[in-house]
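Visitor: Got chain Z sorted already, so can you dock chain C onto it with the hints?
Chains as they are written, first to last, in the numbering used here: chain Z, -16 to 309; chain C, 40 to 373.
In short, the hints are calculated from the structure, not lab data. It is possible that part of the hints are untrue.
[What the hints assert, rightly or not] Below 35 Å or equal to it, Euclidean Cα-Cα: the simulated DSBU-like pairs (lysine-lysine) are:
1. Z:Lys(-13) - C:Lys133
2. Z:Lys309 - C:Lys227
3. C:Lys320 - C:Lys301
4. C:Lys78 - C:Lys345
5. Z:Lys(-3) - C:Lys301
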Amino acid sequence: MAGKIAAIALNTFKEAVRNRVLYVLLFFSVVIMLGAWVASTLSIDDETKIVRDLGAGAINFIALLIAVFVGIGLVYNDLDKKTIYTIISKPISRWHFLVGKYLGLLLTIAVNVLFMTWIFCAVLYLRGYLAGDVMYEALYFVDDEGYLNYRGVFAHLFYLVWSAVKALVFGLLHVVMFGMEGVLGIPGAAATQGLFMTSVLTILEMAIITAFAVLFSSFSSPTLSAFMTVIVFIIGRLNQELYLFADTMVQRAGGMEALGGGQVVAYYFSVVAAHLSPNLAVFNQRRELAEFQDIQLGVMDISYGIAYTAMILTIAAIVFNRRNFK
Amino acid sequence: MAPVIEINGLSKVYVRDVIGFENGRLRVRLKDRRTVALKPLDLTVEEGEIFGLLGPNGAGKTTAIKILMGLHFPTSGDARIMGRPLEDNSVKAKIGFLPENPFFYDYLKGEEFLDYYGQLYGMDKASRRRRIPELLETVGLSHAAQLPLRGYSKGMLQRAGLAQALLNDPKVVFLDEPQSGLDPFGRKEVRDLILSLREQGKTVFFSSHILQDAEMICDRVAILHQGERIAVGALSEMLSAKVKEYEVGFSDVPKEIVEKTKKGAARFVERPNEYLAVFDKEDEARAAVRAILDANGMLESFIARKETLEEYFIREIEGKREAERAALANGGKS
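With the rest of the complex left out, here is chain Z (with noise of 0.2 Å):
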């Protein structure tokens, strides 16, 4: 069973790497974390913080556009292409099929948010070496007579190939000793710290938006579904203003009796609506990040993350054992 799972995970993964959306979503990344950096250089407040912020940021939101963009279309389409009679006709069962096809998802935003934690940091240390270093900012194009000098572009060019090598192999320390590279004295890391835990915060909120990719792919088309799943996001990630929202309606009334009509409609669906969306506000630490404060992942958030995915795919399971493929 695990080695059939195992299989529709891996072939769901060699799927998404090799469609072309992919790359033009990392791309897209790219860009992002690169104006993040010239943005910062406008800004009058501290010029990491928003580096930081914005590229965390970015990664955020490419992530829950893989999801969406990519996760989706996954299912649907062997659904629509009827790939999937040769697949539910193989000794399976149809949880494995969509078991395996959420994990291998899962494996494709995971694989993807560690690249980009990778460039960012690149992109980070990058950033410290060419503006910190005396170095770089002594060497000039021309010289004193106002002729271009040769040695002066060229070493120019050296020192940033030089730098970008660097930044790229300290980035990859970053993401492979789990963002603790500054144990080594590695010059500038500190400008690191806090993104790889921000990053495996980011694929866990993915883990439970992915497992709704699938829920609603599994049922419904591909728009339906990604309307759907980014609701589910934004109101996953006001989960905990909702709460406040109907208890300060409630105060401001002075109780519960003194709600009009339209506002116990408002209240009620406030409520319900944050009872039954995921608290994504649990993985969302961007502004403790930005402050360079630890960033808390507790047992208690894995658990529940875990828990809230398990119980969506049981409900993606259950739909998709009824169904009828057309």
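Guide: What follows is chain C alone, placed relative to chain Z:
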């Protein structure tokens, strides 16, 4: 011996959603939501048979196969394959299935595709390595093993589909319209492959609307029309008793014999010194043959033309339609 496939009263009624998209438009449908795709169907298929499920488009053939493959759930009735219910995964390990116009992951290379499906069958690496090149050879795709399926022609995809259906060396093979979209050569290859499967002792259950092909290879057939089984049996039983007409071809006879034969025949075709007479009755034909031989004429051919499956098929379905029209007319009067 127990039959390999037993189908007992299997039926399927599709019920459309009240609110749904039809032709890209949102539509609320309160009436006519039910479509009967398959009326209660009973069939048994014995081991080692080539069984054809025949019928025009929309007859319910694919629905029946989809239910057998666990892709659709029956509205009523049940079926067993090799004595086990359809939900049993151990049954799926012993069957192969090729759907109509199959589509596979087109980003996979031929070999990768079969390797993936082999894993779904639970085959270990060593047996996959041994079986895949063997199968590619059987279906004539060895040269395309390293090409992505995206570059395959329709005929090649069909062959890749056959290969995946045979990966596990199945006991029963289900083929849904295996010849659709193939050219005459492709059709012949599929026919030969089905015959070779029978030689290996496998049972083949296939659906088709190409009757000539079915006639050439099937041991038994069932004919479906509008979801209903209208005939089932061995082809020899269905068609043998029905000699349709007798053809007598002859030449080199005196004119009066030609005239006499022409008078008695239902149809007569005349070419310079070559004649073809068609008789409805056997004794008339025999008498004509005797007359030709007595006159020292040359008897070129004497054929009892049996009904083809196609003619049988059209007659049965026409009869059915006639009966429906009559019932409708009677209903209208009362």
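Visitor: Hint by hint, note whether the structure agrees.
Guide: For each hint, the structure was consulted:
Taking the CA atoms of Z:Lys(-13) and C:Lys133, the gap is near 16 Å; set against the 35 Å cutoff, the hint holds. Simply put, Z:Lys309 and C:Lys227 have alpha-carbon atoms about 30 Å apart, close enough for the 35 Å limit, and the pair holds. The straight-line distance between the Cα atoms of C:Lys320 and C:Lys301 is roughly 14 Å, inside the 35 Å bound, and the hint therefore holds. Between C:Lys78 and C:Lys345 the alpha-carbon distance is near 31 Å, which keeps this suggested pair within the 35 Å criterion.
Taking the CA atoms of Z:Lys(-3) and C:Lys301, the gap is about 74 Å. The hint is violated against a cut of 35 Å.
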